[in-house]
Amino acid sequence: MSAPAQPAPAPAPQAPPPVETMTVKVNGKTVQVPKTHPDWQGKPQPATMLQAARCAGVDIPHYCYHDKLPVAGNCRMCLVEFGTPMMDPATRKPVLNEDGSPKIAKSVLPYEPGTPRGAIACATPISPGMEIYADSKATLQMREAVLESLLINHPLDCPICDQAGECKLQEYSVQHGQAGSRFVEAKVHKPKAVDLGPRIVLDDERCVLCTRCIRFSKDIAGDDALGIVNRGSYNTISAFETGKFDNNYTLNTVDLCPVGALTSKDFRFKMRVWFLKESKSVCTSCGTGCNITIGSREGVVHCYEPRENDAVNGPWMCDSGRLNYKWIGRADRLREVLVRGTRSTWSAALQDLTVRLSKAPAGSVAVVASSRQTTEELYLLKKLAARTGATTDSVAREGEADRLLVAADRNPNSNGARLTGISFTEAGIRIPEIAAAIEAGTVKTLVVFGEDVTKHGIPAATLAKLETLFVSDILPNATTALATHLLPGAAHAEKRGTFVNVKGRLQKFMKAVEAPGDARPEWEFLHELVHGVTGQNGYSTIEGLFNQMAREVPAFAGLEWAKIGDTGVDVKI
Amino acid sequence: MSFTVPSHLESELDEITTHYPVKRSASLMFLHALQEHFGYVSKDAVEWTARKLGLQPINVYELVTFYPMFRQEPLGKTHVKVCRTLSCALQGSGELRERFCSKLGLDPHAHAPQTTPDGKFTVEFVECLASCGTAPVVLVNEELHHKVSSADADAILQKGKAA
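Residue numbers (numbering that gives the first Met the number 0), protein chains in the order written: chain A, 0 to 572; chain B, 0 to 162.
The set of hints was computed from the structure by calculation and includes no laboratory data. For glycine and all other residues, C-beta sits at the position ideal for the given N, C-alpha and C. Take these hints with a grain of salt, some might be off.
[Claimed, not checked] A partial selection of chain B residues facing chain A, derived with a Cβ cut-off under 8 Å:
#, residue
1, Tyr19
2, Ala25
3, Leu52
4, Gln55
5, Asn58
6, Tyr60
7, Glu61
8, Thr64
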């Protein structure tokens, strides 16, 4: 770089160093490509042709390459024709065309100079002035040949394949495939419906041997359980012992599998993927808050899939979180408003609660709110508690953390409960105090949201001493059975809201399905209740409510619903 | 566990391991030695090797399945390897193998090596045995038979049955 002619003004203190770039041409278009790109571990590595093509907005087909896995370079699908600037061997100067542009030497076979020699874009670093021909005739021929080879032994059972609709083999066949097969020999048959592990079924005939699953298990999940056996015509992906592929991340291999070889026992043959409505959401199984896409159809949740967020979960999620969705559709979901065991209406029950809470003397109310509620709901509950001088707390839920994603905190929103003032540094420390106050008769009204308090220090006998037990929950439990006022709530998949994860990432999630029966999102009826009890106006939209909360809760200062992207923002915890 | 490696073999293998810059490189030597001793490489042998070399069993199992000389099942006492490469194929090694199989009650069209239920014979097709000039050739245990006729084949079977 040449020095500036005049002393430059001092740069802004936080200005990042300029990204060093390299100029290459992709399909005739000149692009500046950063010299390095993060590899699968985030370490800077020389930019590859595939990354350069992406900078030019060109997607090079591939199977084995994955941004977050070590490069294997085995599928050959990303082969492209390319050229580099010619250099005069004597003068070491670039050879120029008549118009002054550098002369490009296309890569050819050394022993057959008329034949283009491709390079795999996923593993070939770019060099200055390189030209990548991602749509040239030679490139297309190479792609067609690779695809034809991959399809030689493929069973072509797309109509009954779970991957159909999201299969790279199908997609690239549409672009580069041939209508008929030239293969007249007998296909190699390989094991079908192999019980690889408790959650995974493998069809070896559909496999293209890209080894993404092997690399994921070994390098990401740390469970070197998969390999290729019988190398040769009969090579198959296999575990040492069938049925024993059982770490908590195995289902990621189903996402990674570019074809229909690895399928989820939970999802296979249940639903065609193109019928699924995709809603952006957040997993609630622990405090990590992995970003997910909820797949639902006609009000039924069929699957969770990880949604890439490098600030939280990367492209992965754990199996236990992924499969923890069936409770949403359980038949025994609470779906009726009950006042003292009798079916009531929202307006009547809320009216009754408004009167009771308004009249309650200071200190006679306590609130136990789950850290599974949304931040907005916890904020409204705190408002309600503040008005009635109530003691508040939430319930701690601890498990064992693992080295990848699972957090020890099994609540999705412990930090939301802390930041809104529902709980304190240690969740649950005030519950004995609340139980004692009920026993002593000072607390006569208990508000419980989303927890079975009989399991967390307030036994049923103590609850029986209350005048009012106002409970909102999703599924029946010992506490809901004792409620004087029972309001059916909504699962996270049935409402919008935010959670703050263990690291302070505030993430919003969207509604996928409707709540069953009379059940409503808690923030909706809490808004009405807070309005009735405090006399203050609130917001009847989640956007308005969030923005109001952001104005009042210091940790969220300056945030707006519309400004939280799909991957969330960091807040100070 | 019923699988035990004799201590002299284990110490021999431990010594072999020291010849390699990384332990993993000794895998093939382990498998050869274990097959030599036990007659085949069992799943237990794979697990034992993996444990000794700090590997996962699948890493060793990949090797075992790659090399045709490693056996995952016990072999018959008489191991008949019929060459199927060009010269032998032209000289009728296909019919020869079929003869061995049908005489022993084995499937003449099966792809993989087959062992008789009494454990006396294993018959398989192999690639070139490097004696094309005397095709067809058959390797019976360690002994190479040249220009094998139907009568020679029957003699091999007779000898094996008596063994």
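To see whether the hints hold, each was checked on the structure:
1. Taking 8 Å as the C-beta contact cut-off toward chain A, the hint placing Tyr19/B at the interface is violated, the least distance being around 20 Å.
2. A distance limit of 8 Å between C-beta atoms decides the matter here; for Ala25/B the minimum to chain A is near 18 Å, and the interface restraint is violated.
3. For Leu52/B, the shortest C-beta to C-beta distance to chain A is roughly 13 Å, which exceeds 8 Å, and the interface hint is violated.
4. Residue-level restraint check for Gln55/B holds (minimum Cβ-Cβ distance to chain A is 4 Å; threshold 8 Å).
5. Interface hint at Asn58/B: satisfied, since its Cβ lies 7 Å from the closest Cβ of chain A, which is below the 8 Å cut-off.
6. A distance limit of 8 Å between C-beta atoms decides the matter here; for Tyr60/B the minimum to chain A is near 5 Å, and the interface restraint holds.
7. The interface hint given for Glu61/B is met, as the beta carbon of that residue sits about 4 Å from the closest beta carbon of chain A, less than 8 Å.
8. Contact between Thr64/B and chain A, as hinted, is supported at the beta carbon level, the nearest pair being about 4 Å apart and thus within 8 Å.
Going through the hint list in order, the structure does not satisfy hints 1, 2 and 3.
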